[in-house]
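A.B. asks: Below, each chain spelled out in residue letters.
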Amino acid sequence: MTKGVGSDLLFSGSDWNFKTLARTYEAIEKIALEELRLDVYPNQLEIISSEQMLDAYSSVGMPLMYQHWSFGKRFAFEENLYRSGRRGLAYELVINSNPCIAYLMEENTMAMQALVTAHASFGHNHFFKNNYLFRQWTDAGSILAYMEFAKKYVSKCEERYGTAAVEAILDSAHALMDQGVFRYRRPPRLSSEKERERVRERLEYEEQTYNDLWRTLPPRADDGSSDTIEHEVSERKRKLNLPEENLLYFLEKNSLILEPWQRELLRIVRVVAQYFYPQRQTKVMNEGCATFVHYYIMNRLYDQGRIGEGAMLEILQSHTNVVFQPDFNDPRFPGINPYALGFALMQDIKRICDDPTAEDREWFPEIAGTGAWLDTLLDAWTNHRDESFILQYLSPSLIRSFRLFLLKDNSSESYCEVSSIHNERGYEAIRAALSRSYDIGASQPDIQVVDVDLLGDRHLRLQHNVKNGILLDEENRDATLRHVRRLWGYDVSLAGVDAETGSRLYECSAARSAD
Amino acid sequence: MPIFIDRRLNPKDKSLGNRQRFLKRAREELKRTIKEQVKAGKIADVDAEHSVPMPAKGTREPTFHPDRNSGERQYILPGNKEFTPGDRIPKPGSGGGDAGTGAGRDGADDDFRFVLSREEVLDLFFEDLELPDMVKLNLKEAVAYKPRRAGFATTGAPTNINIGRTMRNSYGRRIALHRPSKREVERLAEEIAQLEAEPNQQAVAQRLKALRQELERLERKRRRIPYVDPIDIRFNRFEQQPLPNASAVMFCLMDVSSSMGEREKDLAKRFFVLLHLFLKRRYDRIDIVFIRHTHEAREVDEETFFYSTQSGGTVVSTALEEMQRIIAERYPAREWNIYAAQASDGDNIAGDSERCAALLDSDLMRLCQYYAYVEIIDERETEIFGSTDNGTSLWRAYRTVGEAWPNFQMTRIARPADIYPVFRKLFSRQSATTQARD
Chain A
0 MTKGVGSDLL
10 FSGSDWNFKT
20 LARTYEAIEK
30 IALEELRLDV
40 YPNQLEIISS
50 EQMLDAYSSV
60 GMPLMYQHWS
70 FGKRFAFEEN
80 LYRSGRRGLA
90 YELVINSNPC
100 IAYLMEENTM
110 AMQALVTAHA
120 SFGHNHFFKN
130 NYLFRQWTDA
140 GSILAYMEFA
150 KKYVSKCEER
160 YGTAAVEAIL
170 DSAHALMDQG
180 VFRYRRPPRL
190 SSEKERERVR
200 ERLEYEEQTY
210 NDLWRTLPPR
220 ADDGSSDTIE
230 HEVSERKRKL
240 NLPEENLLYF
250 LEKNSLILEP
260 WQRELLRIVR
270 VVAQYFYPQR
280 QTKVMNEGCA
290 TFVHYYIMNR
300 LYDQGRIGEG
310 AMLEILQSHT
320 NVVFQPDFND
330 PRFPGINPYA
340 LGFALMQDIK
350 RICDDPTAED
360 REWFPEIAGT
370 GAWLDTLLDA
380 WTNHRDESFI
390 LQYLSPSLIR
400 SFRLFLLKDN
410 SSESYCEVSS
420 IHNERGYEAI
430 RAALSRSYDI
440 GASQPDIQVV
450 DVDLLGDRHL
460 RLQHNVKNGI
470 LLDEENRDAT
480 LRHVRRLWGY
490 DVSLAGVDAE
500 TGSRLYECSA
510 ARSAD
Chain B
0 MPIFIDRRLN
10 PKDKSLGNRQ
20 RFLKRAREEL
30 KRTIKEQVKA
40 GKIADVDAEH
50 SVPMPAKGTR
60 EPTFHPDRNS
70 GERQYILPGN
80 KEFTPGDRIP
90 KPGSGGGDAG
100 TGAGRDGADD
110 DFRFVLSREE
120 VLDLFFEDLE
130 LPDMVKLNLK
140 EAVAYKPRRA
150 GFATTGAPTN
160 INIGRTMRNS
170 YGRRIALHRP
180 SKREVERLAE
190 EIAQLEAEPN
200 QQAVAQRLKA
210 LRQELERLER
220 KRRRIPYVDP
230 IDIRFNRFEQ
240 QPLPNASAVM
250 FCLMDVSSSM
260 GEREKDLAKR
270 FFVLLHLFLK
280 RRYDRIDIVF
290 IRHTHEAREV
300 DEETFFYSTQ
310 SGGTVVSTAL
320 EEMQRIIAER
330 YPAREWNIYA
340 AQASDGDNIA
350 GDSERCAALL
360 DSDLMRLCQY
370 YAYVEIIDER
380 ETEIFGSTDN
390 GTSLWRAYRT
400 VGEAWPNFQM
410 TRIARPADIY
420 PVFRKLFSRQ
430 SATTQARD
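Each protein sequence line maps, in turn, to chains A and B.
Each residue of the first sequence is one higher than the one before, counting from 0 in numbering that gives the first Met the number 0.
Each residue of the second sequence is one higher than the one before, counting from 0 in numbering that gives the first Met the number 0.
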């Protein structure tokens, strides 16, 4: 390690080969494991060309994906952007799997390969392996095998039942993909044994409390029957585990018209949706973690004299591009850059731990000045998602440096109102609002299956709990509802209910005739 | 040590299958787009890549997503410069410029175009068009052959002897029949020579005699069992494999007499270009022969064909005779698929039309894969001639040919817009009965 500075360089020049890649990887690994105490899956680095990167883009970043026209559409879209020069390709792509697969582009320079290795193979990798959402919801060890199964299964179905039939089911399933995830842990389903036990207990109770006199009572037509109806309804809802927010799951398990292979297709789409769900909830943290890690490691390597100044300059330049945050009125503004926000948050935690101001001490008494930035970060990476992470760690100084402000937009007004800015009175509100904007549960429409009478007309009733008066795009809503109907086979209706007042805002349905 | 895998040599186009599915799905819409682009642009441009807007119908992917114009939202934006709480900012007109998450998600697909390759364009353009009897020609009447190795034979030309096979047979036979080897004979001869050199003794003489007898026996045997026997010989066997005929010649015949104006020529040209494109897609090699005629016919180059004027009368049969001559000279029907398209305004000198019909009937139709006659008429005439069998003398004469030969087609064109439908009609898929033949 402590040889002459000149001979210690991991690489010189911009060309890479497998030897320099391996040597650099080892140097990065040493810092990542020993200094940052990262805990990673074994790495697999794959060199790919730009065409292959485009391929990977269109199959939602999976190395294996079943075939569907929508991926072809996405490919045409991405290819067009790329070929017309409107968008560059990513330098890397990383897959939450064990071993962790990272794609490196062949045209990257060696400096970029080093950056990308640190970013993907250690930053993202650590996050995938440790964050609680990924641990809870994804199984990195089996995802590739599952995708291989899915791909084969879909193509087998296409052979057997025809491409059109398979496509129809997949189209419908894709339409419900956002409603195809479990957001919360569910109580375990009662096993049939326990269910029988319950029925037996109730019968026993009824037998014990049986009194023949009750039979002689004249039936009270009005409230008696409504009582039993209500009871029946609640009983059948309980049996179906309603309300159910995972529409795909509900349809897969309860649809009366689907063949077993069609159910399996729904399941495949559901599994893919669930697999990506944690990534959508941790965009800021995931990218922030990876960016923080590459920034730290690259600087350490430079300090150790293992990266030349030219290479470091190149690395810093592309790092700066990655964490660039245009202002809201900049034509390039695409929204808040998750790389920028995540990286800034984590750098800020390091600053608060090492060198806090009085304000930081007041806001973050637990960590300010402790110097334990790494423990804090490791803990955050493990136990937070974007929403909770921002709520916990967004500091006033960061709000000031981003010059964040809160804009209220009421659709009935012709103007937006600035309600908070980066000042003493605004910090809390801005922090809460930013945190909320990363809550997928809040930003996505809440649609649930509320009732269905399987023994009656089998009319499937969905309910949209409208929050803040945000309705659904009508054209899309009706088209999607037709997809639900296709999977359910009987009438489907969707009612919009205001979450606060409980008043009914709209109702629409997809009846048989609509098909 | 991580695992490095070099994937660059893996097959590309992993998503080609997805692209094809996508195109298939959007087929109707893409077809319409291409048709419109062809109509608006130059026909020669058909033969290239086309940029088309993303088809909207059939490729929509609806989801439940929020309506951007409802409810109350909050946005957090960076880069505040002068706002203080309570400031009001007028909304941008369309609501598309708001900076909320997911804004522009739909808008992105709308103005997005993508590029169809030349092949994809032509596929869409020519969908369900099929040249008549194409299959028949390719599979049944293919006349070009290519020799293909097909095992071994006991007979054949000396040039085709397979040495390896032959020697293997010979070797086996020699072993089986105990043919004395050359070495054996030489050893014996050497021993005899040695004994002869020794002083003459009784025992030696006796031994010598025995050896000589043995030598003679061996040599007799060697003569009787030849080194290579005719039954050893094997020949490479070749089979004549029919090759689909991959070349076509297209004859463009046009009347350039003064009655054919610019409009008529332009229409004819479009038709020819379309035919050329269509043939180009089917055959590896296509020759085009341009024959123009007035009262006499001449083979000319493309430039002259379309753009130079010539005056004179009109004798259609001269063009047919010229075509006949060129076929006989350069394009034997055994090797070429011959297509012909004739454009005319229908004028002909009296009495010649019958001669044309006879020429076609007796000779040309037998040689041609397909003969299309396009009569370019005045727009005002469409109504008169649109559906009736009336018409010029040429039209009437050709009708008899059309009845006799299924590969003869004739139609009338009045406007550019007619060309494509007419073209489709001429080359539409053969009916089930003709299909069934192949």
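None of these hints come from the bench; they were simulated from the model.
Hints should not be assumed to be uniformly reliable.
[Said to hold, decoys possible] Chain B is nowhere near these chain A residues, computed Cβ spacing over 10 Å in every case:
| # | residue |
| --- | --- |
| 1 | 45 |
| 2 | 407 |
| 3 | 424 |
[What the hints assert, rightly or not] Simulated pairs of lysine-lysine, DSS-like, Cα-Cα distance not exceeding 25 Å:
| # | chain 1 | residue 1 | chain 2 | residue 2 |
| --- | --- | --- | --- | --- |
| 4 | B | 264 | A | 466 |
| 5 | A | 407 | B | 23 |
| 6 | B | 23 | A | 151 |
| 7 | B | 23 | A | 150 |
| 8 | B | 90 | B | 80 |
Glycine included, each C-beta is placed from N, C-alpha and C at the ideal position.
A.B. asks: Evaluate each hint against the coordinates.
C.D. replies: Hint check:
1. 45: Per Cβ check, residue 45(A) is inside 10 Å of chain B; nearest 5 Å; violated.
2. 407: violated (6 Å)
3. 424: violated (8 Å)
4. 264(B) x 466(A): violated (68 Å)
5. 407(A) x 23(B): Outside the cut-off at roughly 45 Å; violated.
6. 23(B) x 151(A): holds (22 Å)
7. 23(B) x 150(A): With a Cα-Cα distance of about 20 Å, the restraint between residue 23(B) and residue 150(A) holds, given a limit of 25 Å.
8. 90(B) x 80(B): The given pair, whose Cα atoms are some 18 Å apart, holds under the 25 Å limit.
The structure is inconsistent with the numbered hints 1, 2, 3, 4 and 5, although it conforms to all the rest.
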